[in-house]
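As given, the protein sequences belong to chains Y and B, one line each in that order.
Under numbering that gives the first Met the number 0, the first residue of the first sequence carries the number 0, and numbering increases by one thereafter.
Under numbering that gives the first Met the number 0, the first residue of the second sequence carries the number 0, and numbering increases by one thereafter.
It is worth saying that the hints were derived from the structure and are not from the lab.
Just so it is clear, CB atoms sit at the ideal spot from N, CA and C, and this is done for glycine as well.
It is possible that some hints are incorrect.
Straight-line distance between alpha carbons at most 20 Å, and here's what the computed SDA-like set of lysine to any residue pairs gives [to be verified]:
no.: 1; chain 1: B; residue 1: K60; chain 2: Y; residue 2: H102
no.: 2; chain 1: B; residue 1: K60; chain 2: Y; residue 2: F77
no.: 3; chain 1: B; residue 1: K119; chain 2: B; residue 2: M99
no.: 4; chain 1: Y; residue 1: K119; chain 2: Y; residue 2: E88
no.: 5; chain 1: Y; residue 1: K60; chain 2: B; residue 2: T74
no.: 6; chain 1: B; residue 1: K60; chain 2: Y; residue 2: E78
no.: 7; chain 1: Y; residue 1: K60; chain 2: B; residue 2: G114
no.: 8; chain 1: B; residue 1: K60; chain 2: Y; residue 2: H75
no.: 9; chain 1: B; residue 1: K60; chain 2: Y; residue 2: R65
no.: 10; chain 1: Y; residue 1: K60; chain 2: B; residue 2: V67
no.: 11; chain 1: Y; residue 1: K60; chain 2: B; residue 2: E131
no.: 12; chain 1: Y; residue 1: K60; chain 2: B; residue 2: H75
no.: 13; chain 1: Y; residue 1: K60; chain 2: B; residue 2: H102
no.: 14; chain 1: Y; residue 1: K60; chain 2: B; residue 2: F94
no.: 15; chain 1: B; residue 1: K60; chain 2: B; residue 2: R37
Label pairs and their calculated CB-CB ranges [as the list claims (entries may be wrong)]:
no.: 16; chain 1: B; residue 1: R157; chain 2: Y; residue 2: T69; range: 45 to 53 Å
no.: 17; chain 1: B; residue 1: P13; chain 2: Y; residue 2: P86; range: 40 to 48 Å
no.: 18; chain 1: Y; residue 1: M99; chain 2: B; residue 2: E54; range: 17 to 25 Å
no.: 19; chain 1: B; residue 1: K60; chain 2: Y; residue 2: T11; range: 26 to 34 Å
no.: 20; chain 1: B; residue 1: L136; chain 2: Y; residue 2: K60; range: 20 to 28 Å
no.: 21; chain 1: B; residue 1: E129; chain 2: Y; residue 2: R59; range: 26 to 34 Å
no.: 22; chain 1: B; residue 1: G76; chain 2: Y; residue 2: T85; range: 22 to 30 Å
no.: 23; chain 1: B; residue 1: S36; chain 2: Y; residue 2: V121; range: 41 to 49 Å
no.: 24; chain 1: Y; residue 1: E129; chain 2: B; residue 2: L136; range: 20 to 28 Å
no.: 25; chain 1: Y; residue 1: P86; chain 2: B; residue 2: R157; range: 52 to 60 Å
no.: 26; chain 1: B; residue 1: S70; chain 2: Y; residue 2: D7; range: 50 to 58 Å
One-letter residues, chain by chain:
Protein chains: 2
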Amino acid sequence: MTTETTTDATITTPVEREIHIERIFDAPRERVWAAYSRIEQLVQWWSGGNGFDVERWEFRKGGHYRFVETSDGETHGFEGRFREITPQERIVQTFEWDGMPGHVAVDAASFIDLGDGRTKVVTVSQYHTEEERDGMLRSGMETGLNRSYRALDALLSRSA
Amino acid sequence: MTTETTTDATITTPVEREIHIERIFDAPRERVWAAYSRIEQLVQWWSGGNGFDVERWEFRKGGHYRFVETSDGETHGFEGRFREITPQERIVQTFEWDGMPGHVAVDAASFIDLGDGRTKVVTVSQYHTEEERDGMLRSGMETGLNRSYRALDALLSRSA
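Whenever a hint applies, use it, and build me the whole structure from the sequences.
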């Protein structure tokens with residue numbers, strides 16, 4: 000049996016306290032932007048197939064969001080606030096998991112038009128400390144992230 | 000006219016991205032702790048005499064708080080979440096001002112019994128970047144902080 004090559008995200012830590020994530024999507028930038036900025040599209044990929052409740056969604060500078068994900072009978076709350084929204088280009092938001100309240104990362108996602116109908120999303124996550132950053136890397140984040148991105152691939156191909 | 004010597008807080012920046020604040024209060028630790036942990040006491044000093052609405056107050060690990068202060072016709076929202084609460088000893092919480100949403104500091108306040116009926120409160124605030132830390136220092140924070148601490152002095156002397 001052969002395994003299809005999957006386009007996993009590239010995850011690196013070139014700078015102290017940061018995680019850099021790069022992933023290319025086979026869709027134009029406006030479609031990828033819509034998948035990140037419209038809640039009815041976000042719910043179709045963010046949790047990668049897990050149960051997903053949206054308790055708050057205020058997509059504007061200063062607005063809050065709060066999601067509750069359910070998997071294997073466990074619930075996990077995630078929340079934060081939007082710092083910057085530049086349409087089609089950039090979303091900066093805080094990110095906090097209920098399991099470690101008060102440990103806040105700042106996630107900056109940039110949407111880069113590759114000019115060939117594809118879009119690269121570069122996300123830089125900054126933590127207050129290196130320990131928090133490394134804890135996130137050890138948490139199984141990579142698996143969950145790639146599952147979410149594959150769900151996003153599927154959404155983008157459906158809406159093509 | 001002579002000016003009374005006031006016991007201003009000592010504010011230093013010994014570590015990158017941090018602000019350290021020390022202040023001694025003329026009251027036993029349990030009284031100072033009560034002034035920080037009971038909302039009906041906190042409202043009497045936190046805003047230093049400005050209008051003060053409590054929109055949320057969940058004093059437990061993972062709980063949220065949100066205050067709205069009014070002065071000179073302007074309103075300022077402040078919010079965050081409790082990371083750690085060790086009774087009589089330590090409160091760690093995030094702190095975010097509506098005017099710069101998504102810029103989050105972590106404030107760790109330690110309550111030290113000086114053994115002579117006085118209490119030292121040491122607060123260490125950590126920012127994601129040095130720019131955010133320096134912006135806070137330039138914001139007039141010191142004036143507001145000392146006004147709040149003097150209001151706390153007054154509360155502690157009333158409840159003596």
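Structure-based check of all given hints:
no., hint, in the structure
1, B:K60 <-> Y:H102, "holds, 12 Å"
2, B:K60 <-> Y:F77, "holds, 15 Å"
3, B:K119 <-> B:M99, "violated, 30 Å"
4, Y:K119 <-> Y:E88, "holds, 11 Å"
5, Y:K60 <-> B:T74, "holds, 18 Å"
6, B:K60 <-> Y:E78, "holds, 15 Å"
7, Y:K60 <-> B:G114, "violated, 48 Å"
8, B:K60 <-> Y:H75, "holds, 16 Å"
9, B:K60 <-> Y:R65, "holds, 18 Å"
10, Y:K60 <-> B:V67, "holds, 18 Å"
11, Y:K60 <-> B:E131, "holds, 18 Å"
12, Y:K60 <-> B:H75, "holds, 16 Å"
13, Y:K60 <-> B:H102, "holds, 12 Å"
14, Y:K60 <-> B:F94, "holds, 17 Å"
15, B:K60 <-> B:R37, "holds, 15 Å"
16, B:R157 <-> Y:T69: 45 to 53 Å, "holds, 49 Å"
17, B:P13 <-> Y:P86: 40 to 48 Å, "holds, 42 Å"
18, Y:M99 <-> B:E54: 17 to 25 Å, "holds, 24 Å"
19, B:K60 <-> Y:T11: 26 to 34 Å, "holds, 33 Å"
20, B:L136 <-> Y:K60: 20 to 28 Å, "holds, 24 Å"
21, B:E129 <-> Y:R59: 26 to 34 Å, "holds, 28 Å"
22, B:G76 <-> Y:T85: 22 to 30 Å, "holds, 23 Å"
23, B:S36 <-> Y:V121: 41 to 49 Å, "holds, 43 Å"
24, Y:E129 <-> B:L136: 20 to 28 Å, "holds, 24 Å"
25, Y:P86 <-> B:R157: 52 to 60 Å, "holds, 53 Å"
26, B:S70 <-> Y:D7: 50 to 58 Å, "holds, 52 Å"
Checked against the numbered hints above, the structure violates hints 3 and 7; every other hint is satisfied.
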